[in-house]
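Asker: Here's the letter readout for the chains.
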Amino acid sequence: MTSALRIEDLTIRTADRILVSGFSATVGRGEPLTLLGESGSGKSLVAQAIMGTLPPGLLASGRILFDGADLLCLDEVARRSLWGRRIGLLPQEPWTALDPTMRAGGQLAEVHRYVHGRHDADGLAAAGLGEVGLADAGGHYPFQMSGGMCQRLALAIAHAADTPLLLADEPSKGLDGVLRADVVARLQREIAAGRLLLTITHDVALARVLGGTACVMLDGQAVEAGPTVRLLNAPAHSYTRALIDADPSAWPPRTPREPGPSVIEAMGLAKAFGRRRLFTDLDVQVRAGEIVAVVGPSGSGKTTLGNILVGTERPDRGRVRRVPGAAPLGFQKLYQDPPAAFVPHQTMGRALDHLARRHGVDRERVEELLARLKLAPGLRKQRPGELSGGELQRFALARVLLLDPVFLFADEATSRLDPVNQMEVAGLLRESSEQDGLAILFVTHDTVMAERIADRSITLQQ
Amino acid sequence: MLFVPRPRRAVLRGLIGLAGLLALAPAAGAAEGRSAPERALTVVGPWEVGGLDPASNGHAFTRLQVAETLVGVDAAGAPAPGLATGWTVAPDGLTWHFLLRSGVRFHDGSPLTAGIAAESLRRARANVGPLSRVPIATISAEDGAVVVVLQRPFALLPAFLANHTTIILAPASYEPSGRVVRIIGTGPYCAVTVAPPLRIELERFEDWWGGRPAIARARYLAVGQGETRALMAESGEADVVVSILPVSLARLRRNPKLAVQTVTPPRTRLLKLNAGSPLFSDPRARRALSLALDRTGLAKVLLRNPGLGADQLFPPAVSGWHAEGLPPLTRDLAQARLLLAQAGWRPGTDGILERDGRRFAATLRTYSAWPELPPLAAAIQAQAREVGIDLAVSIGNTSDIPARHRDGSLDLGLVSRSFAMIPDPLGTMLQDFGLDGGDWGAMNWSSAETASLLDRLAVLADPAEREPLQRRLAEILQAELPVIPVTWAELAVVANRRVAGVRADPLERSYGLAEMRWGTP
Amino acid sequence: MTRLLLGRLVQAALVALVVGGLCFALVRVLPGDAAFRIAADRYGPDALTAQAAEAVRQELGLDRPWPELLLRWFGELAQGHLGNSLVSGEPVSEELASQLGPSLWLAASALVLSLLIGLPLGLVSGLRAGSGLDRLALIGAVALRALPPFVLGLVLMLVFSIRLEWLPPAGYGTWREMALPSLTLALGLAAVSSRVARDAVAAVGATTYYRFARLKGLPERAVLVRHGLRNAAIPVITYLGLQAVYLIEGVVVVESLFAYPGIGHALVHAVIARDVPMVQGAALVMGLMFVLLNLGVDLLCRLLDPRLGAGR
Amino acid sequence: MMLQMQDLAGTTPPRSDPWPISRRIGLGLLALLAAFALLGPVLVTADPARQDLSASLAPIGSDFLLGADHYGRSMLARLAYGARLSFGMALLTMLSAAAPGLLLGVLAAWRGGVTERALVALSDIVLALPGLLLVLLLLAFAPGHFLPLYLGLSLSLWVEFFRVARTTTARLLVEPRIEASRLLGFGTFYILRHQVLPEIAPLLLTLASFAMGTAILAISTLSAISVGLQPPTPELGSMIVELLPYYDEAPLTVLMPGILIFLLVLGLQLTARGGTVR
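Chains as they are written, first to last, in the numbering used here: chain C, 41 to 502; chain X, 3 to 523; chain B, -1 to 310; chain H, 142 to 419.
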C-alpha cells in the first residue's frame, strides 16, 4: 500500500492569471492533511489537480507524486483507472451527488460490482449499509433520506472503494453538530485503517478533531502549514488567526441587553406535512432588538416556523400577531442559499434601483447602506453568479434593510458562507439588531453559533 | 410509499422487448399471398373498394370479372352477348326477350336461371342507378329468357343492361332485407376476400362458362396516388396498373420491363356553364370563353398529349358521335375579345371586363376526385384572365356540381364526364341535354331541336339511321356550347412484360383478367 | 396511483363527450348538402345524380331533427355501439376495426423505429454536445422536419423500391409493406425526439451525480447505462407521449401515399363525405387511444422516476 | 471567475456568451429570408400567376432565373410571394398559438387550484382531439382560404405552449427569489415581467421555431389531400404538392420550396437555442 501523496510546487494558472502558486504538501499514513481556507482560496483546485478534474483552460505545473507516478503527467485513461481504485472521493453535499432515481443499495453495490468486480456485490452492499447504520435503507431513494443518511451513504461508498487515498470535500458542510461528529468519527476510522486522507474544509473545528497536518490557503498561496494542533493553537499568520477567530466557538458572547416591546407573537402554532407532525402548540415571541435562535435537527420544522412568522406559510392551527402599526413589508427574510434569492440575469445595481424606485428610497440612503455593509460600488455591475456567497448575503441584507423592517427571519443565513464571511454577516445582523432595534429570528443547525449570537434559543425536536 | 425494492430493470426489459416484438412481428395476415406456389396477379387501380352494393360498387366486380351483366359490349362499344346470348324485341318495341346462356353456374355452384336474373334486375331497378331511368313496366322470367316490358319504346335497353349496376348475382348474395352480404357472381373469378377500402382477393372460377382462365389467383389493390401507382409498376410489385399520370408515361415507356397501352375512352373534361346567369346567357360570351382556351397547350403540358385538346365534344374514337369535318373549337383571343365587346363587355382598369358596372367575375368550381381537374382549372383561370374574364377557382367536393346545379348557385364548373356509363353515349346524352338539362350537362340551357333529336334517337336502333341525327346534335352543341369541351381523356394501362394478353378497355368495363396469362418476361 | 388512473378515466369520459358532441355539431353546421356528399362518396363521380342524393336523404332520414340524432348516438355509445356508417351502411365499429389494426401496427412500429433511430443519435450528440457531430445531427433533424412526409416517403420509395428493389412501394399485409410507411413516420419523429434526447442527455451529463458516478470509478459504459439513460429517458418518453397523436392522425398523407389502410384515412374520408357516425367514431377512437397512451407514459415515467410517484 | 461554485467533480461554469456563433448564423439566415419574403415581391417584376405553357418546367438560368413551374410560371416570383404568404401566416399561427398558450400556462401555474385543474383538463381534451379534425372542419367553412387553415392549426398548437409555460412557471414560482421579491413588495406583474418571462422565453422560442415549421408543413400535408388549395396563390406548402408529380423531370424545382422551409426552420432553431444546452 502506498506510503504517501506528495505535492511539489504545484502551480495552477489560467491564460492570464495564477490561481495557485507553488503549493507543496504531503499526506502520509496516519498523517491526514487538511486544507483550510475560504472558497476561492484555491484549495478545491489543488484537490481537482490531484483528481485530474481541473476545468478546461486551467494549466497545472509542478508534480503530484502518488504510487510513484506524477499524476499531472497521466493521460485521461490512466487517470480514470485511478478513480475509485487508488483515489476515492467523499463529495460535498452528497444529496446532490447521488443518483436521484437509483436506490441506495444499488449506488453502493455498483462500486463492488463494476469497480472491483467483486462477487456478491449486493451482499457486500447490504453489509456496508449496515455498517453505517442504513441497514434498512437499501431500498430508499435519495429523496427519501435525510442529509445525514445521504452523507453516511456517501461514506459507505467511499469505504467500499477502499482506495489508498481519500479526498473529503467539505465533509461537514450543511450538517448539524450530531451528524458532523458522526462523520468525523468515520473519517478517523478510515485514517486508522491506514488510508491517506486529504480533507478540504473551512471548518476549523473539523480540522482540529481530524488532527494530522493542516495547511491554510489564501488567494492560491499556502500561507501557513504544520501540525494541526500547533497551527491552531499558535497561529503565526494573521489570516490563520482570522480564520480561527471566525469559528463560532471563538465569537465573543452576546452582551445581555434589555429587549424592547414585542414585535411579533405566535400562539399555539401547529404544522404538519401529511402524516409528519412538525410541531404542535408552539408559542413564539420576538421583541425589538432581540435575536431568537431556533435550533434543531434538519427536518424539525425550523424553516417552516420562520416562514409562518413572515407569512409565507400558513399554520394548521394557532395564530400570529404582529405589532400594531408595523408596515406589512416590515417582516422580512434572509435565505440560506444566497444565489437562489436573486434574479440570475439582473445586476445588483438594477435590482437595488428597482427596489429603491418601488419604495421611493433615495440614492444616498442606498449608498450609505452599501457602504455600511462594506459592499464596494464596483460590485453593483455584477450579476449574482459572479459574486461570492458572502457578498450576495450582504446585498440580501442591504435590500432588506432598505425597507427598514421590524422583524427579520434569517433562515440558515450564514450556513453556506465560509467562516470569515459567516462571522461578518452574523456581526452585521447583530449590529442591526442593536442599532435599529431589529427583531431577528435566527434559524441555524449550529448550536454553538446559536448560543453565541442569540439572546435565547428555541429548540425544536424531531 | 413502497420502499421494497422492485425489480424495475426487469419490467423495463419487458417493455423494451415488447416494443421490439411490435416492430418485428408481421402484421395481420402476414402469410397471405406469399405462401402460394404461383404468384397472384396484382392489378393496381385508383378506385377504392367500397361496400358490396352493386349500385355503388358494381363496377369493381365487373372490372374484375367477378359478376357479369346480361348484355356485354363489343370492341366497337356496341351491345354484345353477355349472360344473354341474344335478344329480340317485339314490333311494338315494348316487349324484349333476353335469351339466357345455358349451363351458366354461380360461384356457389347453383345454376343461373331466368328467375334469378329477373330478380337481380328488379333489385337493380329499385335501387339508385341508370336502370331506374328506363321506362320499364315489368321484368319477368320465361323459360330460359328474361322478359322486359316497357311503357314506351326505348331502343337503348340492351345498352342499359350492360351497365355495372345490373350485374346478376346468386340469391345467396342477398340477406332477407335485400342487402348484398357477399358477391356470388358468374364471372371467371370469384372474390375470396373483399377488404374495403383497398383490396380484393380473387381466385379462378374453374367452371366458368367461358372456359378456365389461365391465371389462378389475382388481387386488386387500390392505390390513390398516381405517383405510387407508377412506382408499383416500375418496382415490379404490380403486374397490371390502370390509369397512369401523364407525367409518368414517358418514363414508363422507356422501361424495358413494362408494356404501356393507351386508349381514348369516351370521356371529356368540359366546362359546365350556367347559361341562365347574366354572364353566360349570351352565346357569344360562351363562345368567347371557348376561344380563350389554348386546348392544345393544356393537353400538351398537363396531359402530355397535344392530340387530346377537345375541338368538339366527342373524341374521334367514339364512332358515330365524333362529327368529322365539324369546324373545330380553336383558340383566337382577338375573336374572343371581339365577341365579348359585341356582347357589351368593356375592359375595366384592372383589365377585367365590365358591363354596366358589373365585373365579368365568376367562380370556377371543380373537384379533386380526378387529379387532372384542379391543374386544368388553374390553367383555364389564367387563360380566361387574358381575355379579361376573372375566374376564382374553388376546389371542393364532387357533389358541389350537382348540388349547385340544383340550387342554381353554380356559374361555372370544370367536370370530367364519362359517356360510357351506358356503353351507348346516347344514354348519357339523354341525361345531360334533355329539356331541363342535367346534373353534369347543360344548365339552364335547352333547345327544342336537341330534345326532339334525343327523343327520336331513343327509339332508333340502327346506327345508319342514327348517324345523321347524332351529327346534327354535335353541330348544335358545337354552335351553342351549353358545355365547353376542354380536353379528351386518355387511359393508360401499364403491364409488366411477364403478363401476356393485357388489353386496355376504353370503356373501363373490365380489366380482362380472364384473357391474361403468364408469359415469359 | 389510483388517483392517476381515476384522472385518466375521467379524461376519457370527457373526451368521449366532447368529441361526440363537437364532431356532431361541426359536421352538422358545415356548408354543403350532406345527402349529396354521401351520395357522391357512395356512387362515385360518374354515377352521382340529384336523384341518387334524394334517395340517400330518404333512406337516412337526414332531415330528422338533430337533437334526436345526437341523443341516439350517445345512447348507442353508452351501450357500446358507434352506429352505422352513412356511406356503406356497415357498423362503424366494424369499419374502424378493419382500419384500426393496420393503423396501430403502423404507429407502433414507427414509434419503435423512431426510438431506435432517435435515441442513439441523441445520445451521441448529447454526450458530445456542441461538437461537429452534434451540429450535423441538428441540421439533419431540421431537414427531416422541413421535408413534407409525402416527399420523404417518395424519396424512400425511389431508394428502397426502385433503386434497391428491397421493399414494395405500397400495399399492405406483411411487414414488407409496412416498412416504408413506418420508416417515413419514424424519421419525422426521430428528427425531434433525437433533439429532445440530445438535450436530456446533455443535461444529465452536466449533473453532479453523473460526474460523481465517473469519479466512483465506474467504466464509462456503466456510468451511461446505470446513471445516464434512465434519467435522460424520462423527458424523451414524455415527449413521445405528446407526439404519438401525430402518429395516429398525422399519418393521413403517408397512408394515402403508400396506399395503406388506416384510421387517419378513414377520418378524412368521413369528414369529406359528411359521414357523421364515422367521424365521431374515428375521432373517439383516436381520442381514447391518446388517453390510453398517456396513461402508459405516466406509468412508465413513474417507473423510471420514483419521485413522481411520491407526489413531489 | 466563479471557482467558489466548483466542487471536486469539476463543474464548469455555465457558458454565458449570449451570442454564440450558431445564433449569429441563425439570425443571419432569418434576416436573409425575411428580406427575400418582404422585398422579393417588390423587386421581382414577374407576375407569379402569369402562365406561359410553352415555357413549362423551363430549367434554371433560362429566361427564368430560377426556372419555371409546369405552367411556365416564374419560380422566382412564386417563391418570393410564397415565402411572404407562408412565413407571414406561419408567424401568425405561431403567435396566435403562443400568446394564449403562454398566458394560460402562466395563469394556471400562478393561480393553481381549480383554475389550473380546469385549464389542464381543457388542454388534455384538445390534445386528445385529432388536430387534423379541427383543421378539416374549420376549413370546410371557408374552403380554399388560408386564414381559417392557419387558425385551425393554432387551435391545436397552443397546447404545447401551454404545457411548457405552465410547468416551467410552476417550477420557477417555488424558487426563493420569487418569494423574496414578493416579501420585498414587488407586484405580480413585476415578477412575471422581470423574473418569469425572461426565464421561460428561450424554451418558448425553441417551441415557436418548431411550431412555425409545423404550420407550413401542415399546409402542404393538407394540400396533399387537396384541402386548402386555392390556385393560383403561391404558398410554399401547396407549391410542393403541385410540383411533386414532376419530381422526375425537374427535381430541383420541386425541392425549392422545401429548401426555403428548411432554411426557415434551421434559422429559427439556431437562433432559439444558439446551439447551447437548454
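Check the hints yourself; a few may be wrong.
Unchecked claim - Coverage of chain X stretches by chain H, computed from C-beta distances (three or more under 8 Å per stretch; other residues unrestricted):
hint, region
1, 240 to 253
2, 300 to 311
Claimed, not checked - Restraint-style ranges between C-beta atoms, simulated for each label pair:
hint, chain 1, residue 1, chain 2, residue 2, range
3, C, 64, B, 138, 50 to 60 Å
4, H, 329, C, 408, 48 to 58 Å
5, B, 138, H, 240, 29 to 39 Å
6, B, 163, X, 40, 17 to 27 Å
7, C, 385, B, 138, 47 to 57 Å
8, H, 390, B, 173, 28 to 38 Å
9, H, 204, C, 384, 52 to 62 Å
10, X, 213, B, 153, 23 to 33 Å
Rather than coming from a laboratory, the hints here were simulated on the basis of the structure. We put the CB at the ideal spot given by N, CA and C, even for glycine.
Asker: Identify every previously stated hint that the structure contradicts and give their numbers, smallest first.
Answerer: 4, 7, 10
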